[in-house]
Amino acid sequence: MASASSADTTGTAGTEGDAPSYLPATVQGAVKILVTGPFGVGKTTLVGALSEIAPLRTEEVMTSAGVGVDDLTGRPDKTTTTVALDFGRITLNPQLALYLFGTPGQQRFWPLWEDLSRGALGAIALVDTRRLDESFDVLGQLEEQRIPFAVAVNVFPDTPEHPEDDLRSALDLLPEVPILRCDARDRQAAYDVLIDFVDHLLSTAVLELQR
Amino acid sequence: MSGPVRPYVITGGRSGTNRPALAIESLVSAVPAADLDPDLRSGDTLNREHQRILALCHDLLSVAEVAAHLRLPVSVVRVLVDDLWDLGAVQVRPPAPQADRLPTHLLEEVLVGLRQLR
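Here the protein sequences line up with chains A and B, keeping their order. To convert a position in the first sequence, counted from 1, into the working numbering, add 6. To convert a position in the second sequence, counted from 1, into the working numbering, add 5.
Hint data in this document are derived by calculation from the structure and do not stem from the laboratory. Don't be surprised by glycine CBs; every beta carbon is placed ideally from N, CA and C. Careful: at least some of the hints might be erroneous.
Label-pair distances were calculated between CB atoms; the ranges are [unchecked claim]:
{"hint": "1", "chain 1": "B", "residue 1": "122", "chain 2": "A", "residue 2": "114", "range": "14 to 22 Å"}
{"hint": "2", "chain 1": "B", "residue 1": "99", "chain 2": "A", "residue 2": "163", "range": "25 to 33 Å"}
{"hint": "3", "chain 1": "A", "residue 1": "139", "chain 2": "B", "residue 2": "113", "range": "46 to 54 Å"}
{"hint": "4", "chain 1": "B", "residue 1": "25", "chain 2": "A", "residue 2": "192", "range": "22 to 30 Å"}
{"hint": "5", "chain 1": "B", "residue 1": "40", "chain 2": "A", "residue 2": "168", "range": "56 to 64 Å"}
{"hint": "6", "chain 1": "A", "residue 1": "185", "chain 2": "B", "residue 2": "41", "range": "23 to 31 Å"}
{"hint": "7", "chain 1": "B", "residue 1": "97", "chain 2": "A", "residue 2": "99", "range": "17 to 25 Å"}
These stretches of chain A come out as covered by chain B in the derived footprint (C-beta under 8 Å, 3 or more residues) [to be verified]:
{"hint": "8", "region": "124 to 133"}
{"hint": "9", "region": "140 to 153"}
To list a few chain A residues with every Cβ distance to chain B over 12 Å, as calculated [said to hold, decoys possible]:
{"hint": "10", "residue": "37"}
{"hint": "11", "residue": "86"}
{"hint": "12", "residue": "91"}
{"hint": "13", "residue": "93"}
{"hint": "14", "residue": "107"}
{"hint": "15", "residue": "113"}
{"hint": "16", "residue": "162"}
{"hint": "17", "residue": "168"}
{"hint": "18", "residue": "170"}
{"hint": "19", "residue": "175"}
{"hint": "20", "residue": "178"}
{"hint": "21", "residue": "180"}
{"hint": "22", "residue": "183"}
{"hint": "23", "residue": "185"}
{"hint": "24", "residue": "191"}
{"hint": "25", "residue": "211"}
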């Protein structure tokens, strides 16, 4: 069994021995937003800054070949890859919870995306401007899958200041894709990014309704 | 992880039911023991992993959280929760419906919640 981990950071809160934090019984359903981007861009950090629980890690098993093809032989030795997904949670009100799923943004994980993105409100694509090229794949995937998204620049101490227009053209982004900035470690900044993104989704939806 | 048993053994070789796969953000809670079919409580309908899920979900958790706490792959937990749902042993709350074609109402609710929590 081949194994690959997409873990962005070390030292993520383990789940062993952690008592589960339950949702109030009044919660009727949940929504989700994906946090994606290349390896090491800070997905788990952003999820952790926003989450009311210590980020949890779970694994999804991905069959790398023959997705959607029936396994007629019943052979259990297909090549599978185990992908680590870190996620967090925000109880928005007594009836509604939001889950944030750190979603690996490399091409070899695309088979996971269909399932993860189904029903998602949208995705925040974290970008490190010191290595923009690593984000090209994931931005292409978001566009191709028609997942509403915003770009959030994770500002590291040595991140150079890029004018938004330069960034937009370097990333070849459509005018309607918001470019946000944050320090993913900072709770307030992370909340601002999430709020701006949902606000953008809402304005887009309202515009669509008026059309 | 789940020990020496490979995932397809735990699920009896199944990789899914006829229903669409449970969403990772679906919420699960065990039906109180008193309300369970007595056969379910004593019989061998339920394997060890089913029972671990029931024990964990005395209150509400998502499929993803169940997987994380039990250290099982999400795909396995989906199948097991589906079994328990079929048996009437858990209640499942599907993702909040993105009403109609455009989910403005739901997005407003998310936005209000986030602004209050900021």
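**Request:** Quick one: work out the minimum CB distance from residue 185/A to chain B and report holds if it exceeds 12 Å, violated otherwise.
**Result:** holds, 20 Å
**Pairwise beta carbon distance, residue 25/B to residue 192/A, judged against the given window 22 to 30 Å** = This hint is violated: roughly 38 Å between Cβ atoms.
**Asked** Does the claim that residue 175/A lies off the interface hold, with its Cβ farther than 12 Å from every Cβ of chain B?
**Response** holds, 29 Å
**12 Å Cβ clearance of residue 180/A from chain B** = The claim stands: residue 180/A keeps its Cβ more than 12 Å from every Cβ of chain B (closest is about 19 Å).
**Request:** Beyond 12 Å from every chain B Cβ: check whether that's true for residue 86/A.
**Result:** violated, 9 Å
**Message:** At 12 Å, judged by beta carbons, does residue 162/A keep clear of chain B as stated?
**Reply:** holds, 23 Å
**Request:** Hey, is residue 170/A genuinely clear of chain B, shortest beta carbon separation above 12 Å?
**Result:** About 23 Å separates residue 170/A from the closest Cβ of chain B, which puts it past 12 Å; holds.
**Prompt:** With d taken as the least Cβ-Cβ distance between residue 178/A and chain B, does d exceed 12 Å?
**Reply:** holds, 27 Å
**Request:** Examine the region 124 to 133 of chain A for residues whose CB is less than 8 Å from any CB of chain B, and state whether their number is three or more.
**Result:** Satisfied; 3 residues make the cut.
**Asked** Looking at residue 183/A again, its CB stays over 12 Å from all of chain B?
**Response** holds, 17 Å
**Request:** Starting from the range 23 to 31 Å, see whether the pair residue 185/A and residue 41/B falls in it by beta-carbon distance.
**Result:** violated, 53 Å
**Message:** For the hint 56 to 64 Å, verify it against the beta carbon of residue 40/B and that of residue 168/A.
**Reply:** holds, 59 Å
The structure fails to meet hints 1, 2, 3, 4, 6, 9, 10, 11, 12, 13, 14, 25 from the earlier list, while all remaining hints are met.
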